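Got chain A sorted already, so can you dock chain H onto it with the hints?
Residue-level listing of the chains:
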Amino acid sequence: MPWNRPLIIGFLLVVLTLTWWRLQPDGEEVRRSRIIMGTVVEIMAAGQSNEALEAAVEAAFAEMERLDKLLSRYNADSEVSRLSQSTNGGEVSLSTAEVLTLGLAISQKSGGAFDMTLGKLKALWDFDKEAPTLPNAAELSAALSGIGPKALSLDGQQLRKASPQLQLDLGGIAKGYAVDRAIAILKQHGVANAAVNAGGDMYLLGQRPERAWRIGIQHPRDEKDVLETVQISNRAVVTSGDYERYFEKDGVRYHHIFDPQTGMPARQCQSVTIVTDSVALGDALATAVFVLGPKAGLTLLEQFPQAEGLVIAADGSRHVSVGWVSYQVVP
Amino acid sequence: MKAPWNFMTGGDWLVVLILLMLSLAGIVSIVAMPEGSRVLVTCGDELCFTAPLDQPRTFGIDGPLGQTKLVIDEQGARIVESPCPRKICVSMGAAKHTADLLACVPNRILVHINGPSGEEMSYDLLSR
Chain A
1 MPWNRPLIIG
11 FLLVVLTLTW
21 WRLQPDGEEV
31 RRSRIIMGTV
41 VEIMAAGQSN
51 EALEAAVEAA
61 FAEMERLDKL
71 LSRYNADSEV
81 SRLSQSTNGG
91 EVSLSTAEVL
101 TLGLAISQKS
111 GGAFDMTLGK
121 LKALWDFDKE
131 APTLPNAAEL
141 SAALSGIGPK
151 ALSLDGQQLR
161 KASPQLQLDL
171 GGIAKGYAVD
181 RAIAILKQHG
191 VANAAVNAGG
201 DMYLLGQRPE
211 RAWRIGIQHP
221 RDEKDVLETV
231 QISNRAVVTS
241 GDYERYFEKD
251 GVRYHHIFDP
261 QTGMPARQCQ
271 SVTIVTDSVA
281 LGDALATAVF
291 VLGPKAGLTL
301 LEQFPQAEGL
311 VIAADGSRHV
321 SVGWVSYQVV
331 P
Chain H
1001 MKAPWNFMTG
1011 GDWLVVLILL
1021 MLSLAGIVSI
1031 VAMPEGSRVL
1041 VTCGDELCFT
1051 APLDQPRTFG
1061 IDGPLGQTKL
1071 VIDEQGARIV
1081 ESPCPRKICV
1091 SMGAAKHTAD
1101 LLACVPNRIL
1111 VHINGPSGEE
1121 MSYDLLSR
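Protein chains in written order, with the numbering used here: chain A, 1 to 331; chain H, 1001 to 1128.
Bound conformation, chain A alone:
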């Protein structure tokens, strides 16, 4: 046999093998979106079996839809709506109790800056209608009557309302809780690398191939720009900003994050980003810090060693908690 024949054929087989190897996907990735809790929820999950990933993502969506039916104030049959309509509260499900327990703790620690009793106020402003209008002082006063951290109390799964008129709104925490539950379901299905993003409130499980997740933070005054990028793994990222839902009247921006003291949009910040270990906690803290402003807000964060924050104040100045620098990858 001529000496060169196996050499040439061997060389070509090596080229063929390398080419085939290069064409093989590194693994499967499933990316699905759905509208839940009035926002777009996107789940990305990576693994080896497409079928297993599809089943895991479907189960995660199902859990979020279950919670939407439980916690939405827009759904007349939800548990939250039932509690709002009740005279003095009542028994709640375990999921609702978990949300309320965390919410009440943040409400108390923030001195009421985070408040789950703003249902009447939010209905009054109604940012969902075609042309939102400014409420007058009497309407605001009526909507704020009887609200605050002491207006709700929870004993096990028994919720007590201080007054029959009190309307619950868990919008500042329910979405985050639903993302946390979706991540728990993905983990139960053996998914190790995933992202669940509900309108910008997200949890990053594991990592991307060969590196941690990189999350851009929206610039509050330039929608095409990012403020900075954080690199994280197994953490929640939540941003609250005055650019998400707003209308302008006589040159003044009226947005959807309200100061419970005044019933008006909070004025000390443009945006707040929290990185922490649960989206529900991040959700509530982002609202509380936004209402409190940079100084008091970052002081509040000191009570939560697992949380770091980036605050863009109303004048555009940047304020961060001590540990924030450990996440930042690009200025």
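Hints listed in this document are in silico derivations from the structure and should not be mistaken for laboratory results.
Treat the hints with caution; some may be incorrect.
[As the list claims (entries may be wrong)] Selected chain H positions facing chain A (in silico; Cβ < 8 Å):
(1) M1021
(2) L1022
(3) P1085
(4) L1110
(5) L1126
[What the hints assert, rightly or not] Partner residues are not named here, just some residues of chain H that face chain A (Cβ under 10 Å, in silico):
(6) D1012
(7) L1019
(8) L1020
(9) G1044
(10) V1071
(11) E1074
(12) Q1075
(13) V1105
Only a predicted model underlies this, so the values are computations on that prediction, with no experimental measurement involved.
Cβ coordinates follow ideal geometry from the N, Cα and C atoms, glycine included.
Okay, now just chain H, sitting in the frame of chain A:
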């Protein structure tokens, strides 16, 4: 001394030719990536429409509030008319990169761009 190819028979050349063609086909398929992207439209929880991103067209998508009009042209895919109250979806502009997303939440319509990842973004997701 004879050159190596002088030892090869017709069958050898055939084997070499087949392997060469297979290798070239593989290399071409690598170089040719990424292939064209597609627009995927979800109505409620169901995929209700899909079309290539590089073929201009206009079409209506029915949702619970009425018809949302989507245009695909050289700018990408964009919503130009919607029955929703605040028209946020219309002001979202065009989607043309892989994983770009347009959403009309009230009319329960999602528009995705699906395809191989093109340009490298500096981040995976945007927190806003």
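We went through each hint and held it up to the structure:
no. : hint  : result
1   : M1021 : violated, 10 Å
2   : L1022 : holds, 5 Å
3   : P1085 : holds, 4 Å
4   : L1110 : holds, 5 Å
5   : L1126 : holds, 5 Å
6   : D1012 : holds, 6 Å
7   : L1019 : holds, 4 Å
8   : L1020 : holds, 6 Å
9   : G1044 : holds, 8 Å
10  : V1071 : violated, 20 Å
11  : E1074 : violated, 19 Å
12  : Q1075 : violated, 15 Å
13  : V1105 : holds, 6 Å
Checked against the numbered hints given earlier, the structure breaks hints 1, 10, 11 and 12 and satisfies all the rest.
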